[in-house]
Every structure is written in structure tokens, then in C-alpha cells.
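If you're matching them up, the sequences are chains S and G in order.
Here the working numbering = 1-based position in the first sequence + 55.
Here the working numbering = 1-based position in the second sequence + 5.
Don't take each hint at face value.
[Said to hold, decoys possible] Stretch by stretch, here's where chain G covers chain S in the computed footprint (C-beta under 8 Å, at least three residues):
#1 130 to 138
#2 148 to 154
#3 157 to 171
[Claimed, not checked] Pulled a few chain S residues facing chain G out of the computed Cβ check, cut under 8 Å:
#4 Phe113
#5 Asn211
#6 Pro353
If you're looking for bench data, these hints aren't it; they were derived computationally from the structure.
Glycine is no exception: its CB is placed at the ideal position from the N, C-alpha and C atoms.
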Amino acid sequence: MGESPAPVNVRLVNVTKQFAEVRAVDNLSLDIRAGEFLSLLGPSGCGKTTTLRMLGGFEEPSTGSIFFGEKDVTGLPPYRRDVNTVFQSYALFPHLSVGDNIAFGLRRQGVSKADAAQRVGEMLELVDLAGLSARRPAALSGGQQQRVALARALVNRPTLLLLDEPMSALDAKLRKHMQIELKRIQSQVGITFLYVTHDQEEALTMSDRIVVMNQGRIEGLGTPREVYERPQTDFVASFLGASNLLPGILGSATQGYYDVEVTGGHRLRVAAANVAEGLTASSAVQVGVRPEKIHLVPSARAEEAGTNCLRGVVRVATFSGVGNQYLILSPDGRDFTVYAQNIGDALAPRTGDEVEMRWPVEHTFVVRPSGTMTNEGE
Amino acid sequence: MTDQIATTPLRVARPRRRFWLPLYSWLLIGYLVLPIGAMVLFSFNRVLTGLPQVSFQWNGFTTQWYQQWSQVPGLTAAFWLSLRLALVAALISTVLGTMLALSLVRYSPREFRGKSFVNQTLFMNIAAPEIVMGASLLGLFATLNVARGFTTLLLTHVAFSIAYVAVTVRARLSGFDRTLEEAAGDLGSSPFTTFRLVTLPLIMPGVLAGGLMAFALSLDDFVASNFVSGSTLPFPVWVYGATRVGIPPQVFVLGTVIFSLGLACAALSVLLSRRSAN
Ligand SMILES: Nc1ncnc2c1ncn2[C@@H]1O[C@H](COP(=O)(O)OP(=O)(O)OP(=O)(O)O)[C@@H](O)[C@H]1O
Ligand SMILES: [Mg+2]
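Taking the hints into account, I'd like the entire structure generated from these sequences.
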């Protein structure tokens, strides 16, 4: 698509935003790589929108700085920043046609009417709205309005595109379609995307990297696989997907493995790579495993190498079509969630059965307590 | 029997509503239009006395007064003066009133000290009897030794129109989605461009309504104008003076013209809004 400027890294350095009483963003540092699709996940009120608004220039950080490449943009107003935003509410200009909406940014940059019209045409094609250029936004469906909002931002080829839950209003099918579309546009145009969503699956499938925020701080950062398989804090482990977590004491490392002693004297093995950064021997930790990684076997079976096991009693067994979900009561009184795919296993345990939970050592992870992220950013 | 009782009110209610509501509406419309109708009618009335005075007895149809509409020297001057005055006053008070409305809606009391005081002043300005305002303005101009004339009229008309414009525009602004302005800034427009391309077009109906109201208020203002006009007589003041000796039929002609222009404006705006809705 021609002469878009080379994307640059966007950096937030120790950014804090203090509203009257709320600290919406708390000493946040983040490196957004040029051209990546970065998703921002987190519970409601954790500061996602505020972070976006500071990047867009609608809100000034209380402390800290924001860099686009080498340039400090902290105090710059929105119209001096090479950023465009897809607002959650679309914010299409109701008095302008779809075409004029999309051309708005180009015209402000001084692009001639004819050139703008051509690029608007290309963009309408890209978002599959060719022929609707003369319509008013009010005469479009929600999904079409959304695509206009996207086109209006994309056509400017900004350094950074901010998207604040841009699909929250779409039905599941349209959403799926738009996800694919967005991903295609992103790889085609090569713009850096910062994408806020409440939909975990959306974040996991679309992103190059994911940021998990909580209370204005970053709790986890990495590729979807990294964040899911090796969460760093207990918050991330339970916010993103589900986790079974057990408190324990971290032992010392031997040959790339740690032992974690959990209540009841059991020992669980963890690969060193799956232990959260900044933990040392004999610190209090939580050891975790995802529900779908656990096998249930009759408790008499011989131990296997390379697995962790814990005994328990099936408390609840529910059938959900594609799988079985169990609640297993472990000896120390804790419920484990176990998810087994429905692949015709003959020996599906029933309520009251005594079973052994087994899972591979490499799927065991150790997390820090929440809110103790070590210095972030690589 | 019970069946009938249950259904009777329904059966009666409909024709009744169909009868009373239109009757009420037409009576009301008639009541409002009747004086205007009289004015239009008598602008076409012959005068038999030979004196330039409208007669309120029907003497036959003529368009004589329309042909001689500018034959009364003082009246024509007053008419043009009033039009000019109304235009300028509407323009100035629309600009000032719109800015006032913007500042009242956009700034919190913390950013805009004295905001509630300004609000009170607006309210008082609308509620205060005009005769008090006229008298006090006369006192003010006399004290300051300002010669009465077009300037004092203009100052007065702007003073009583601003509040109306501000209130009208404020109503339009209160539902305004600020994200639209953020979006414009996001797309590279400076605050001024944002105002020109986004804010103003969207509040334009309110601004126009305010401006029209200011125009109308100024055009037919008598009470305050009477105090501050000096020897520069706007249309209403001139007509009031003329009633003592007899109203020239041209007054009715000009009144009819103004009314027709107003009708035309209203029709045009309905037409335009219908077209933009499509
Ligand atoms: N203008 C403001 N004034 C005061 N507090 C604010 C303001 N904007 C946001 N906050 C507060 O800052 C915190 C973070 O808000 P933010 O909108 O960033 O959350 P979010 O992560 O986007 O949440 P959601 O997922 O619900 O959209 C919230 O506690 C919110 O109440
Ligand atoms: Mg938000």
C-alpha cells in the first residue's frame, strides 16, 4: 500500500495517571514493537482505556513519558500525534457521508481531494463497503459503522492504531468475520495495533503478544502461548483461562528442575523455565496447572516418570458434550478442576470414585503472588 | 348487558377524540391567526376618506397600497432601519450567545469561576420586565452621555437577545457527544478546525434557531426601543407614534410582507430538513 512511514516502537516509560482519587495507571512501562498486534486484557476498570487515551493524547500522564521512536510525545495534543483511534462508540461524524468521514484525516493532512477520494475508495474496498460512500453513518448497520470507523483510522496509515473494544457491539458471527478481516488488514498494511478487548479468545487468537493488566499495572506480557502456559502471577493464571493453584514452598534447583513442597507433604516438580522470574529457593509460591492438562487415572496405577500426581476423590462430575468436567477434592481440602475431552474414554470416573490426578511436569508452573511484577519490558 | 357496558366507552371514545382534538386545534390556530388575517385583509382595503389612514370598514379590494408601499417617508425609513438593526443585532448576539453557551456547557465550575452567577444573570435577563430594562438603559445612556440612536438601539437589542440565543444553543449542546471532537482531533484537526468542521455544523440548528429568535425579538421590539431610540425610530416605535393620528395602510402592507417572508423561511427550512433526511 505504498509509502507508509516505517513503523516505530512506541514506549511508555513509568507512566502513572492519577485521577482525583483513583490511580488508573500505576507506574506502567511498556514497549510496543513496530508492526505488532498487541492486545490489552484485564478486568473492568484496570486502566486499559486510560492507557489508550494517554497514547492518543486525550489524557496527559501525571508522571512518566511516552515515546514514539526517539520522539517524546508526552505533552503533544492528539492532532500532533501520528496515532489514530478506533473509538469504542465509533464516533463517526453524523453530518458527513461515509466517504467524507474516511477522508477527514487525509484532508487535514493536506491530501488533495482527488487523491483522498482514491484512497477512500481503496479503503472502502478493503473493509468491504464499496458503494456505500455516499451514505450517512446513521443509515448503516452496527457492523458497517464499525468498519467505517476502522477505515477512517486506517486510511491515515498511522504509526500506531489504538482500538478500544472495537467489536464489543457485534454479534458472534460478525465478530468472527471482523477478526479475520482485521488480522488481514493488519498484516497487509503493516501498522502497529494496540487492541483492547474483554474477549480472551479474541486476544489469544489474534495477538502477537498479550498484556494482562490489573489495577493499573502490568501483570503479564508475552506471546499468547507464553502468557497462557507460563503465567508469571497468580492473577494472570486465573484471569486468563482457568488454573488450579496450590500454595507451596519452592525448593532448590536440581538439573533444571525445582521441587515445590505443597501442603500434605507432597512434592511437585517444575521445570526451571516455568518458574516465574525473581523467585528464589524457599520463597512462598503458588504452583499451578491448567484443568485440561490433568489426566484422571485409577489410583492403583503405577507412577510414571515425568509426571506430577495428587490423589483425590471425585466430588462432582458434569458432562458438557465436548467434554467432562470434574471437581476433585484433594487431601488438603482443596477443589481441583479437571477437564477431560470426550474421546470415548471407557473409564470416566464417577462421583465418589477415588482417583489420581496426573499431569506432565512441563505443564506445571510456579507463579508469584499478584502485584509483584519485576521490572517489565525487554 | 355487561358486555355492552364494557365495550361502550371504547366505541364512544374514538369518534369523540376525532372530533374534539381537531376542533380544539383549529380553534387555537384560528385564534392565533385571526389578527394576522385582519392585517392582511385590511392591507387590501380601499380608503374613501382621502386621508392616508387605514379604514376598518370594508370598502372594496385594491392593491393600491402595495404599489405605493414606500410613499410614507418616515415609515419606509423606519422599516429599513428595523431590518438593518435586526440583522446586525441577530448576528452579534448569535456569536456572543453561542460562545456563552459553549463556555457554560464545557467548563466545570472549577474551571469557570462565577459560572453559576452567569447562569443566574441569564435567567434574570430573560425574566426581568422589559420596561425596567428599557428605563434603566435609558438612565445609563443618559448618565454616560451617549447620544441615542442606532448604536444605543443595537446595544439594547443585543443585550436582551444574548440570553435567548445562549439558552437555545445550550439546549442543543447538552446532548453533544464529546468523543466526536476527540475523534476530529485524533484525525489531525486543531481545536479551531474541529470547531469549524464538527462542533459548529452539529449545533447549527440550535445556533440558527437562536439567531432567528434574536432577529424576531429585535424586529418587533417596542418597549425597550421606545426608551433608547431618541429620534431614530424603528418600525414598531414609528407605528406606535402613528396610531395617534391614524395608521397609514402601508403599515399593514409592510406587516404582511414581513409575515410572508417569515412563512417563506419556515417553509424553506421544512423543505431543507426533509431533503437532508432523505
Ligand atoms: N476522567 C476520569 N476521572 C476520574 N476517574 C476516572 C476517569 N477515567 C477513568 N477513571 C477511573 O480510572 C480507572 C480506570 O478506568 P479505565 O476506563 O481506564 O478502565 P478500563 O480498563 O478501560 O475498564 P473497562 O474494561 O470497564 O472499559 C477506573 O477506576 C475509572 O473509574
Ligand atoms: Mg475501557
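Hints, one by one, checked against the model:
1. 130 to 138: n = 4 at 8 Å, threshold three: holds.
2. 148 to 154: As far as the stretch 148 to 154 of chain S goes, the hint holds, because 3 residues have Cβ atoms under 8 Å from chain G.
3. 157 to 171: holds (count 4)
4. Phe113: holds, 6 Å
5. Asn211: Check passed: Cβ of S:Asn211 comes within 7 Å of chain G, closer than 8 Å.
6. Pro353: violated, 60 Å
Checked against the numbered hints above, the structure breaks only hint 6 and satisfies the rest.
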